[in-house]
Structure formats: C-alpha cells, structure tokens
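Trainee: Here is what each chain is made of, one letter per residue.
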Amino acid sequence: MALFFELDLKSEQVDCSKAYISDETVYGSPNENRNAKANFLVVSKNDKYGTPSFLLVINTAPLTQLEWEIPTEVDGWYQFNLLRIPIYVDGSYVPEVKNGNGVITQYASVLWHQPTNSIIKAKIASTNVEPGDVNWQASWDVVGDLSTIINYGSITTHIHHDLIDCYLRANYRDLLEEAIEEFGCENCSNSAAFIKADRVDTLLNGANALNWEDKSAQMEEVIVGLTQFVKNA
Amino acid sequence: MLNENIESIVSQSYSKIGELSLLIARNIDKGYGKSAKQEELWNRVKRIRKILKAVLDHVVFDDNGNYSYSLHTTDKTLNILLKCLVQLTDIQDYPVAPLLFHKLKPRNYTFNAPGETGPPGPPGNDATVFVTNDTGEQELSFREEVIAGVRTFLGSFNPYVAPQLSVNLSGDKVYEVGVVVGSKTLSVTSTKGKNTILSIVLNTLNSAFQSILDMGAVNGPTQPQTNSISPTNISATTTYQATLTDDSGKPEGTVVASDTIQFFYPFLYGATDNKTDDPYLFLTKLIQGAGTKSIIFNGLNKYFWIGYPASYGEASQLKDQNGFDAIGAFDTFLVNVTSQGLNNNWTLSYRFYRTKLKTINSNAPHTLIF
Numbered sequence: 188m189a190l191f192f193e194l195d196l197k198s199e200q201v202d203c204s205k206a207y208i209s210d211e212t213v214y215g216s217p218n219e220n221r222n223a224k225a226n227f228l229v230v231s232k233n234d235k236y237g238t239p240s241f242l243l244v245i246n247t248a249p250l251t252q253l254e255w256e257i258p259t260e261v262d263g264w265y266q267f268n269l270l271r272i273p274i275y276v277d278g279s280y281v282p283e284v285k286n287g288n289g290v291i292t293q294y295a296s297v298l299w300h301q302p303t304n305s306i307i308k309a310k311i312a313s314t315n316v317e318p319g320d321v322n323w324q325a326s327w328d329v330v331g332d333l334s335t336i337i338n339y340g341s342i343t344t345h346i347h348h349d350l351i352d353c354y355l356r357a358n359y360r361d362l363l364e365e366a367i368e369e370f371g372c373e374n375c376s377n378s379a380a381f382i383k384a385d386r387v388d389t390l391l392n393g394a395n396a397l398n399w400e401d402k403s404a405q406m407e408e409v410i411v412g413l414t415q416f417v418k419n420a
Numbered sequence: 324m325l326n327e328n329i330e331s332i333v334s335q336s337y338s339k340i341g342e343l344s345l346l347i348a349r350n351i352d353k354g355y356g357k358s359a360k361q362e363e364l365w366n367r368v369k370r371i372r373k374i375l376k377a378v379l380d381h382v383v384f385d386d387n388g389n390y391s392y393s394l395h396t397t398d399k400t401l402n403i404l405l406k407c408l409v410q411l412t413d414i415q416d417y418p419v420a421p422l423l424f425h426k427l428k429p430r431n432y433t434f435n436a437p438g439e440t441g442p443p444g445p446p447g448n449d450a451t452v453f454v455t456n457d458t459g460e461q462e463l464s465f466r467e468e469v470i471a472g473v474r475t476f477l478g479s480f481n482p483y484v485a486p487q488l489s490v491n492l493s494g495d496k497v498y499e500v501g502v503v504v505g506s507k508t509l510s511v512t513s514t515k516g517k518n519t520i521l522s523i524v525l526n527t528l529n530s531a532f533q534s535i536l537d538m539g540a541v542n543g544p545t546q547p548q549t550n551s552i553s554p555t556n557i558s559a560t561t562t563y564q565a566t567l568t569d570d571s572g573k574p575e576g577t578v579v580a581s582d583t584i585q586f587f588y589p590f591l592y593g594a595t596d597n598k599t600d601d602p603y604l605f606l607t608k609l610i611q612g613a614g615t616k617s618i619i620f621n622g623l624n625k626y627f628w629i630g631y632p633a634s635y636g637e638a639s640q641l642k643d644q645n646g647f648d649a650i651g652a653f654d655t656f657l658v659n660v661t662s663q664g665l666n667n668n669w670t671l672s673y674r675f676y677r678t679k680l681k682t683i684n685s686n687a688p689h690t691l692i693f
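Protein chains in written order, with our numbering: chain R, 188 to 420; chain L, 324 to 693.
Please keep in mind that the hints were generated in silico from the structure rather than gathered at the bench.
All residues carry an ideal CB built from backbone N, CA and C; glycine is no exception.
Worth double-checking, as some hints may not be accurate.
Mimicking SDA-like on lysine to any residue, the simulated pairs with C-alpha atoms at most 20 Å apart in a straight line are [to be verified]: (1) K573(L) / K285(R); (2) K285(R) / K507(L); (3) K224(R) / V329(R); (4) K285(R) / Y603(L); (5) K235(R) / D596(L); (6) K573(L) / Y294(R); (7) K285(R) / V524(L); (8) K616(L) / A633(L); (9) K679(L) / A652(L); (10) K369(L) / F381(R); (11) K285(R) / T549(L); (12) K310(R) / N684(L); (13) K224(R) / K573(L); (14) K681(L) / D596(L); (15) K625(L) / Q663(L); (16) K402(R) / N350(L); (17) K197(R) / N395(R); (18) K573(L) / Q266(R); (19) K598(L) / V524(L); (20) K496(L) / L528(L); (21) K625(L) / Y603(L); (22) K507(L) / A531(L); (23) K373(L) / N395(R); (24) K360(L) / N322(R); (25) K373(L) / N392(R); (26) K376(L) / Y214(R); (27) K383(R) / F647(L); (28) K310(R) / N322(R); (29) K310(R) / D600(L); (30) K224(R) / N322(R); (31) K418(R) / L346(L); (32) K573(L) / V276(R); (33) K285(R) / N550(L).
Which residues of chain L face chain R? A partial, calculated answer using Cβ under 7 Å [said to hold, decoys possible]: (34) Y337; (35) S344; (36) V524; (37) M538.
Input sequences plus hints: build the corresponding full structure.
Mentor: Okay, here's the thing in structure tokens:
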C-alpha cells in the first residue's frame, strides 16, 4: 500500500518574506517509517509555463526534519518537491543505462550517505564501495544540485503545488483600511480604494479556485495579472 | 430539484470564478475603468460570488461532504439561489463536474469477512482501504461513477502478479577448452505481471542488449516478449544473467534468471595398442567437469586408459563391471597433454590411469571415483 503524501503550507510571516511547509504524511505500519529514507525538500517558484526558479531551502536533518522555511519573494505558483532517498548500506548498486533512443532503461542507484551527509549517484556497477573508500569516486558522483533528481526513477518524489498570495492579501487589507479611514465604516464601499480592494479579493478568490482545481499555470497567470492590476490601477 | 445537485453547482460556480478571473487577468492592461467588457467581467464574477456566498450561508457542509440546511432555510429559498447561480455561471447541465476524488474528505472503511460488505468506519484522515487475504495485504482500486447526483465508488480487487523471466542460450552449452564459439543467440523472455517493468539488465553485454531492448513491447499487450542478442567468439565459461525489476517495490518484483555456457578440459578414455600412443589422439573425449565418471572399456589385448587434468587430484577407486575396485591393475602417472585441431590448442598436465598389462574388456562399464 503506497504512502499517501501530504504537504501542508503553513501560515506566512507578517512581512511575507517567508513561509513554512510541513510534511503531514502519516508514515509507519503498514508502510515504511519516515526515517527509512532521507527526506529532502526542493522548492521552486514557477512561471505560467511551469518553468521553475529554484529557491534556497535548508535541509538540516534528512531523517527527522518535518518543517522547512521557504523564501517567498513574490506571490504565485510554488512547487514543493519532497524527495525520499534510500539510505546507503553496503550492497550492489547500478549505473544509469539508456537504450538507443536515449530512453533510460535502468535508473542509477541514488542514495543518501549518512556519515558524509551527501547524496550519491552510481556511475558504474559496484558492490560495497562506500564513499571514503579508496577510489570511491570512480563508483559514485556526488549530487550537488537536488533539482536534477526530481522525479528520478530510483527515488520517490512527491510533488505539491500551492498558491502563495501573502503580498496581495496584505494589499487587500491595506486598501480596506484606506477606504474605512477615508469614508468611515458606513460609506467606505463608495470609495475607489474599496472598489479596488473588492477586485483584488475577487481575483484572489479566482486564483484560489484555480489552485483548488490544480490549474497551477492558470493560477499563476491570475496572480501575475492581479499584481499588475495592484501596481497600475 | 436543484438542491439535489448542490455540490455540483457549488463546485462549478467556484470553477467559473477561476475561469473568469483568468479572463480578467489576461486582459488586465485593459482593466479597471478602461474597458466596458472588462467591467462586465468584474461585475459578473462579483454577482457569482455574492450568490455563492448566499448559498453557502444557507447550507452547512460537514467534514465528509454531507450538507444540511441552516436555520430558516427551505428547499424553496435554496432552489431560488441555486437557480441564480446556474444562470450566472452558464451551467448547462448538472451534475456535470463532480468534485475531484482527492478533494473529498476521506474516510476509513472496514470490511467484514471476504465476500461481505462491512459497515463504514469512523471518519479518518486517510482514504486507505485494506484488503487482507491469505496471501497478505493487497491493493484495492476505485473508479468513481456519478449518476443522477449519486456518487458511487466502485472498488475492484486487482491483486499483484509477479513478472516472469527466462534466459536461454541457443544450441550446445558445453565445449572443450580451446574451442572458440563463433556465435550464439541469447534470448531473454519476459512476461509482464501486474506492474510496469522498469528495467531488464544483463550482467554482461548489457549495452548491446539495451540497444535492442524494446521496453514498449515488454510492457505491451502481447506477452511474453523475447529480446535477443548474439554473443560472439565465446571462449570461456560465461553466465548470462538477467535481472528484471518492476515498479511495485516488492521483493518479488525483482526476478533473476540465467543460462551458462561452460568450457572444460576433457576426460580422455579408451584403448590403445601401445603405451606410447598419444592419448589426446587415440582416446575418446568426455567433455565434462570434475567428478565421478562412468565409461565403457571395449577391446581385445589393449591398454585401457582414463585420464583427466592433474589438478583434479588422484582417484580413490576405479570400479570394474563387477563393482570391484580394479585400480590396483592400473599404473598412474602424470604427463603433459597437448590438444590438436582446436582454435586455441593447449598443453596441460594430465593424470592417467592405464592398465599395467594388455587385457580384454567387452563393453565393460567402469566407474572412476574421486
């Protein structure tokens, strides 16, 4: 029975510069324990074409870390990739093999080596060659860029898409306060600020609807348009 | 009654808000205060949101997707609101877009004895369903069906079936050392089980094998599938081992199969007229590995021989046709034997047992025991 992965985006900070995401997956019997593999989070801010810009995420303790801090410079589509990587033990490991069409027919062994806290990818078939052994580099490459192994066949990748709209929500609140300060509670709906706030809220509602439907690219388009609206209107 | 389709209508209204928001966002530079069409879009979304909010004020959804009416709400008031929503969102039919399965609040279900349907379990955080039989835990897959607003999940039991694999070398598989086998056909036959086969890897000649391996066919509807390559110029004992792995992650999802071509120095046995005759030329070859051998001696007034690579050590017995150990009637000695007529001739130290005297054997079975 496969694990049912669940990543939850936690509340954003007041200054909107960062958010937190936590792994809420229920591990353990009948499935594997969480610490049976090393857990790494890779996060990107995607544009409307799905092109990712990878963000700096600190993975401190791959066996125990449940929450990560995410820098959030702008609102929009964020992609969270939880990589679960087998832990190195002595054994036989295999390199990547491609057929004549360039299609991978055998995925290389990708492992987390606990003593050196490094992720390694097999270059050749080997048995019991551990990082640190003589000439171990002949058998293994160190994976420096985790984004290169997202969805790689020999590891487990859980992908979660979500909307971060902290800056726009703050803008909405500011507009409401502006309307109330200028016109008072009874008449603020007549103000330009209120009308603008209402429209910000409307498009945020639309973006959330698209997020709810997993239409991430369209959601990003709404956020980009809304950001432009806030600046120009 | 529209309220029978409330979930579908609410869901589609929410989708409509997203759809219209996208239209607005794509034309935002013609936006607020600049375009009548854009204004119309803003107002339409605003109306949908307003009515949707009113509907949701009249209905209370619980964690399981069930709903009940708020205080003072009647079928009539709710249906008026839903009618407005249907008009504003241009919903042509309903239920048209049922809620996505993963958006529903899941429940745990338990089942009674096999063949029976058990009562629903308590609300939970996980939609996992367990089916346990005497072969252990198995997966149950679901298909969603919505008819007249009634959502039904149809479960089907689709147990795991392990893949199968065999490896076969064509023709003879035992040769004399020194022979170079020009070409063989190595066939790897796989049968897909329940899961997709991720890889089939050979321990040798894997690059050549991968270049012809058709994973599409391996996972295709026609099973089993055979992929073949031709090892050439084989001159040493070689085991061709294939490892198949499917995507189940189960131990039985990895299957190993192999076939081996073997090369041995021959046992030499038979009869000669002279002690000085070249045993390689005058004796019969028995191409097998070390171990007890049964042979037949036949001849009149001949020296009878049997020999093998000296590295096998001395024999303990040489039984005659009557079951008696006749090894005392044989001289034993070491001599270098040189092969002839092979691709790569060899010279090797052999141990021979040869009768001390010329004697008679009439199709007499003998057994050499180490």
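Trainee: Hint numbers the structure violates, sorted upward?
Mentor: Violated: hints 1, 2, 4, 5, 12, 15, 18, 19, 24, 26, 27, 29 and 30.
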